[in-house]
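Going line by line, the protein sequences match chains A and B. For the first sequence, the residue numbers in the working numbering are 1 to 117. For the second sequence, the residue numbers in the working numbering are 1 to 244.
By construction, these hints were calculated from the structure, which means they are not laboratory data. There could be a bad hint or two in this list.
[Stated by the list, open to error] Between beta-carbon pairs, the in silico distance windows are:
(1) A:ALA96 with B:ARG139: 42 to 52 Å
(2) B:PRO112 with A:GLY51: 44 to 54 Å
(3) B:VAL225 with A:ALA84: 33 to 43 Å
Idealized CB from N, CA, C, for every residue including glycine.
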Amino acid sequence: MQPAIPAKLLRIHISANDRWQGRPLYEAIVARCRELKIAGATVFRGLEGYGETATLHKHHLARPEDPILIVVVDHAEAIGRLMAEIEPMIDTGLLAVSPVEMIRVQKRAEGNAPAAR
Amino acid sequence: MLKRGPAKKVTIYINEDAQHHAQSLHDAIMTFLLNRGVAGATSTRAYAGFGSAHMLHTPKIEVLSQHLPLRIEFVETPERVEEVLPALYEMISDGLIEVQDTFVVKAARHSPKPQPKLPHQKKRGPAKLLRVFLGEADRWHGEPLYDAIVKKLRMLEIAGATVYRGILGYGAKGHEHRRTFFHPTRDLPVMISVIDSPDKIRDAAEAIEEMLDDGLIVISDVEMVRLLRAAAPTEDSHAAGNPS
């Protein structure tokens, strides 16, 4: 088993209808993560939730307002860099960072072309 | 009831028509095992066989169809086997007794009556949270990897696991996972989250790392409040596994 290395896990809570320069905010954040060469990011859509504005985020057909959670895991230094970049992009939302132990598994990538990060 | 872990398997070979105190030996052994509270025993009738007399007993020839062998098997804890073995040794005058080391993987019992609802129990304490990031299209021996991981975790008796499907993401493979109207993909990002005690999570991480090709495993400390019905069957085995 590979040794676990200390890292940080960042959770970004936003809404699905938040926008950044015309495109959904979560897409913009993931794109920014790629630009910053962050190891990975995953976006989840919640069923229901509430936050800063205390209005319930629920799914409406025409105007999806579901809560969105973005999970990013990387070294502490990279997470710090990312947080500084995305803080100005978020109007209302929440960033939460927790310390984690990380095990990266990349058996297939070793034999093939190097991974894109 | 038998629990997961090392055990002994006893196999007894006897003759169908062997007698024990005016009763068939087979019946005597089975009632003896039942009365001694052995977890379970199975006896099977053989199709053909031969023993120390080197005479082949087979149903094909009528004269040879007597003395067909019977096999009685049971699995028990080493202590219990030690307890019943001397009596079995006395009972069997013509036959074979064999003991093997074995490992009980699952000893489940389906009770026919619905169990009465037990009071809620609250378990509180430090635990570990493990998250696995993978792709929905990842496969493991022909089945979806997330399915295989959840099954494996169940076998390891991990308290619970939840699979989430993301809507967008990228990671170890370098390509982006997303689905649009014009490009329906079945490779969305998937996250599995698992919470259990630190040593259980260590086992889980090891098992998952073996199965994962590309992906990420992340472990963090959490404070767990687990609500459960007291004395559920799985809890018994947990208690047996953790002497604490």
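Hints and how they fare:
no. : hint                              : result
1   : A:ALA96 with B:ARG139: 42 to 52 Å : 33 Å, violated
2   : B:PRO112 with A:GLY51: 44 to 54 Å : 49 Å, holds
3   : B:VAL225 with A:ALA84: 33 to 43 Å : 35 Å, holds
Checked against the numbered hints given earlier, the structure breaks only hint 1 and satisfies all the rest.
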